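Undergrad: Model the placement of chain B on the given structure of chain A, informed by the hints.
Spelled out, the chains give:
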Amino acid sequence: MSVSKKLSTTVLHPFHLERNAHMAEFGGYDMPLWYSSGTKAEHLAVISQAGLFDTSHMAVIIVEGSGAFDLLQHSFTRDLRYCQGRSVGPLSDGRSVYGLFLHSDGTVLDDAIISRCGAERYMIVVNSGMGAGVCTHLREFSDGEVNLVDCTDELGKIDLQGPASAAILQKLLSDPEQVLADMHYFSFRGDIFAGGSESLELKDGIKVIVSRTGYTGEFGFELFTAKVDARDLWNKLLDAGQSYGLLPCGLAARDSLRAGAMLPLSHQDIGNWLFGHTPWSFVLPWDPDGQRWTKSFVGSQQLLQGDRDYTYGFAGYDPRKIQVGEASEVQDISGRRFGRILTCTTDMAIGRVEDQIVSIATPTSRGRPDSFQARGLSCGFVRVDRPCEPGEQIFLVEGKRKLKVEIRKDIRPDRTARAPMARMRLS
Amino acid sequence: MKEIDELNLPGDIYYSKEHEWAAKEGEVIRIGISDYAQDQLGDIVFVELPEPGSSFERNEEFGTLESVKAVSEIYIPVSGEIVAVNNALEDAPELLNEDPYDNWIVEVRPTDIDQYDELLSRDDYVAMLKG
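If you read the sequences in order, they're chains A and B. Residues in the first sequence are numbered from 1 upward in steps of one, following the numbering used here. Residues in the second sequence are numbered from 1 upward in steps of one, following the numbering used here.
Calculated from the structure, these hints are not laboratory results. Just so it is clear, the structure is predicted and the values come from calculations on it, not from any experiment. Among the hints, erroneous ones may be present.
Unchecked claim - Simulated pairs of lysine-lysine, DSS-like, Cα-Cα distance not exceeding 27 Å:
#1 A:171 to A:203
#2 A:6 to B:130
#3 A:400 to B:17
#4 A:236 to A:207
#5 B:2 to A:6
#6 A:207 to A:227
#7 A:207 to A:171
#8 B:24 to B:130
#9 A:171 to A:236
Stated by the list, open to error - Some residues of chain B that are not near chain A, with every Cβ distance over 10 Å (derived):
#10 10
#11 51
#12 112
#13 117
#14 118
#15 129
As the list claims (entries may be wrong) - Examples of chain A residues lying across from chain B (beta carbon under 7 Å, computed):
#16 19
#17 37
#18 197
#19 199
Quick reminder that beta carbons are idealized off the backbone N, C-alpha and C, glycines included.
Bound conformation, chain A alone:
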């Protein structure tokens, strides 16, 4: 097997090759698509047990200084004063928030999770290959009281996702109670960077950041550690997870899991076009009434004035897909072409029972028959030129292949990402 010289590799690349993973280019990196167990087993493991993902290709930026807050308020779509929890309070230390960086013309530069490590110190996670671009963009709006450092090449990032994640992680923590108790969705513990305040060490001394976030829609963690410790951490997690059915998982399962969870892929579902009417309008700084925005930010004027299109989630009636590309299109019931496909994949954990979509995780009391066997449903996102209602049937068309799908507000039911920590620690 040969790797093109142009592709970057993560610190876990040797593991992927040792395990004969099916490799492909993603975001400038040579990454695993699936391992020998196959995408379906990996996808199902994350829903019923746990999966381990190498996400070291993601870029990490530290923003610090007295101007850090103002810079992010100006450049990020979320209002950091009103974004946390049900009470919509200010982002506090140890908490994270998802949003977008827009270009001045209202198109999307990238999506990001911003974590507050301190009043003048934030960690930003953006997509593969985007570290330098986002740093350059932020410098453009910086008043000089800010230091921006792209730490991507110094770190390993590993995502542990699935209902057994807490049980597995607990085995490595010296004080699980202190770390995990009361750990909310979109919160984190630890700081591994120079000058960091709160250090979190595993039993064997590996310093980590444990963040209760992810990109699968399921309960779990994103773990950050120094590059030199990443392989050790990966192997220890695999060992700790063996009795729980933990599987290493590739990007194919990551893609099908996130699509079923209605999460966008940057540069595919959102990207270099005006951020329109989408299922992700929560990234905009709405006031509590949802009527107006609480701040202006880079790109906001263009969003308010521009002619925006419509992005919707969809689910099909069987696992069949239509390939995304120039050759495919979206048609309405009269056969009029009215948009394009952004993502089309198969969520292998779901199926239809009469009018209802059911997951392997759906309790029998909520409509999953005992005999339910998921055959999978196609799902993804379309971008169209007019509003659609949930339940509207549209067609994905490529040449003579025509697939009927349904506009959906949500796709895979009974996801665990927001489940109470206390319940998940017993899983």
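TA: For chain B alone, kept in the frame of chain A given last:
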């Protein structure tokens, strides 16, 4: 991903450039996909089969395979009429991953048996895979 020398490529059947296999069974030719094809596709989640009785010309598309990542056409390596389809694949498409040779896709009554002899032997197929 399997290395070429790890692939299961029986020597008593023929192969096409599009990674189908063909095996003569009396009057008919059974057609499936090679171990290389199933390994490249990954988990197959849906198989679209032709109607029995339909006819196809050599190298014409006669069905589709869907993996989690992609949709792939399957091409008929010899012209002829479909006399049987493997309906078990409709309920269990993963059979093609588990054993791509036991689990044939269609049986064809060829209109020109010479086309069968023009297919690739195992050695020719391996040489093609090695490029």
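Undergrad: For each hint, tell me whether it holds in the structure or not.
TA: Here is what the structure says about each hint:
1. A:171 to A:203: Holds. Residue 171 of chain A to residue 203 of chain A sits at ~9 Å (cutoff 27 Å).
2. A:6 to B:130: Holds: residue 6 of chain A and residue 130 of chain B sit about 23 Å apart, inside 27 Å.
3. A:400 to B:17: holds (24 Å)
4. A:236 to A:207: holds (14 Å)
5. B:2 to A:6: Holds - the C-alpha atoms of residue 6 of chain A and residue 2 of chain B are around 23 Å apart, at most 27 Å.
6. A:207 to A:227: holds (11 Å)
7. A:207 to A:171: holds (15 Å)
8. B:24 to B:130: holds (26 Å)
9. A:171 to A:236: The hint holds at about 10 Å.
10. 10: holds (21 Å)
11. 51: holds (15 Å)
12. 112: Label holds. Min Cβ-Cβ 26 Å, cutoff 10 Å.
13. 117: Check passes; 32 Å lies beyond 10 Å.
14. 118: For residue 118 of chain B, whose nearest Cβ neighbour in chain A is about 28 Å away, the distance exceeds 10 Å, so it holds.
15. 129: For residue 129 of chain B, whose nearest Cβ neighbour in chain A is about 14 Å away, the distance exceeds 10 Å, so it holds.
16. 19: Not OK, violated: residue 19 of chain A not within 7 Å of chain B, min 10 Å.
17. 37: violated (9 Å)
18. 197: Violated - the Cβ of residue 197 of chain A stays beyond 7 Å from chain B, reaching only about 42 Å at its closest.
19. 199: This hint is violated: residue 199 of chain A lies away from chain B, its Cβ roughly 40 Å from the closest one there, beyond 7 Å.
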